[in-house]
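Visitor: So the protein sequences, as listed, match chains F and X.
Residues 1 to 259 in our numbering are what the first sequence spells out, letter by letter.
Residues 1001 to 1281 in our numbering are what the second sequence spells out, letter by letter.
Honestly, the hints are just simulated from the structure, not real lab data.
All figures in this text were calculated on a predicted structure; none of them were measured in a lab.
All clues given are correct.
Every beta carbon over 10 angstroms from chain X, so not counted as near; a handful from chain F, in silico: (1) L5; (2) D7; (3) K38; (4) S46; (5) R125; (6) Q130; (7) W142; (8) H150; (9) E196; (10) Q215; (11) R219; (12) D222; (13) D229.
Here are the simulated lysine-lysine pairs, DSSO-like style, with alpha carbons at most 27 angstroms apart: (14) F/K100 x F/K38; (15) F/K100 x X/K1180; (16) F/K100 x F/K146; (17) F/K151 x X/K1180; (18) F/K151 x F/K100.
Glycine included, C-beta positions come from ideal geometry on N, C-alpha and C.
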Amino acid sequence: MRAPLIDRTTGIQAGDVHAWFDKLHALRGITMTIPERKVTAIIGPSGCGKSTFLRCLNRMHELVPGARVGGRVLLGEENIYSDGSDPVLIRRRVGMVFQKANPFPTMSIYDNVGAGLTLAGERSRRRVEQVVEQSLRAAALWDEVKDRLHKPGTSLSGGQQQRLCIARALAVSPEVLLMDEPASALDPASTLRIEELARDLAQEITIVIVTHNMQQAARVSDLTGFFLDGELIEFGATNDLFTRPTDRRTEDYITGRFG
Amino acid sequence: MDRRYRRRRWTNSAMAVLAGSCTLAVLTPLFLILGFLARTGLGALNWDFFTQLPGAAGEPGGGMANAIAGTLVLVALAAAIGIPVGVLGGTFLSEYPGTRLSRTARFAADVMNGIPSIVIGLFAYVLIVLPLRHFSALAGGVALGMMLIPTVMRTTEEIVRLVPQSVREASLALGIPQWKTTLRVVLPTAAAGIVTGIMVGVARIAGETAPLLFTAFGNRFWNWDFLQPIAALPIQIFAYAISPFDDWHRQAWAGALVLVAMVLIANVAARYAAGRQVKLR
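Between the sequences and the hints, there should be enough to build the whole structure, so can you do that?
Guide: Here is the structure:
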């Protein structure tokens, strides 16, 4: 029997997370506990800091010149912002899917999915082959591409490319999967497929999904956090948040009074 | 209304004609040169030209085999120096654009691009010819290599910068270290453009004469020793063109034709190789 692709997962605890772009104070102290094996959605109007927060969870925020992060993010027991922690290793444990599908343009479908392994020095072709198939199956893409694995990744449709990126992220066996508006550039049918996929994957892995689409958050997530101006206004079970918001601002947002 | 519309249509076609004729004006000299070279040069091209050493002064016959080989050697030497330095330097400029080092290097490359080639030749003369006490292929290769660096560096920088940030992020988010991301993901994505940039640079230096005059110097015989003077097509063309012999004049034309053909073939080959890569944008 093969080893499962995702062999462990973990929750995330953000404690007083601040983020800056140069002088701009984009996150003003976010504290939230993201449970494992659940889909946690983050909603909020444009510019509220939801993507920035997501990028603080795998140390991608600091790649922007002038960006800084404060506070702590516990991945399991480990604070990913402690002095000894290596962003490269953190990013292996916390995978990410971006707003726009971004397959490596020079690589085939197969090489795209295997990239995380081969570029990290995996030598065994058998193992890469196995993981590529497992990842493509997990991303519900295998049946569509198994006969053209060596075609360029960019030859796929937009929705397929996004699932390819999910497969690529899963291939390195992350413990958490971050999704940054993964369906915002897709048509409704492809969007639904991505949402179903997120639901299925959540049985094995913790998922945090940023979306500006409230229906999507309602459909896909177990918990929802509402961000506004760099602060977490409300966080709770998705059902409660959408039916009985406790904060006036949440209510205004989900009833469409602004944003 | 109708008048204005007609006027606009007239302006539109007039501008189209103007732009078209400017394009023709660019192409005309190119085809004139190629045509003229072919007409005057083809007559003196024969098997001997590619296989024989130059004949004695004034005697008909002989060829430029050593000069053709010499140009290839010099370009190879220059490429060995200019391509690695240029590509890696350009990559640095693009990936670390704000650092003091890259600002200085960018400025230096632009200045070097503007330095007259004869001055580069003088520099290689002082740097290599004087200490070694004689002209050499090495000195010529270094001079050409120094001319190649800034062109390759600046085009590499521009092309690598075109690689979308999202491609870099995709790689970094997989936990692939920065250096590997640059080397294995960013550079391959930019490869087609980098190759084109290299070819433009190589085409330019292949025809340079001034930096070779007192470095490679020219040689009437075969030479495979990097530390000895070596023949080169541009020098040979120059020497033959100012000679008083009709046969040498014809051979100079043939040499020019061969030089242009070499550059053209290399360009087409590189385009073909690059075209098989994935296109950016």
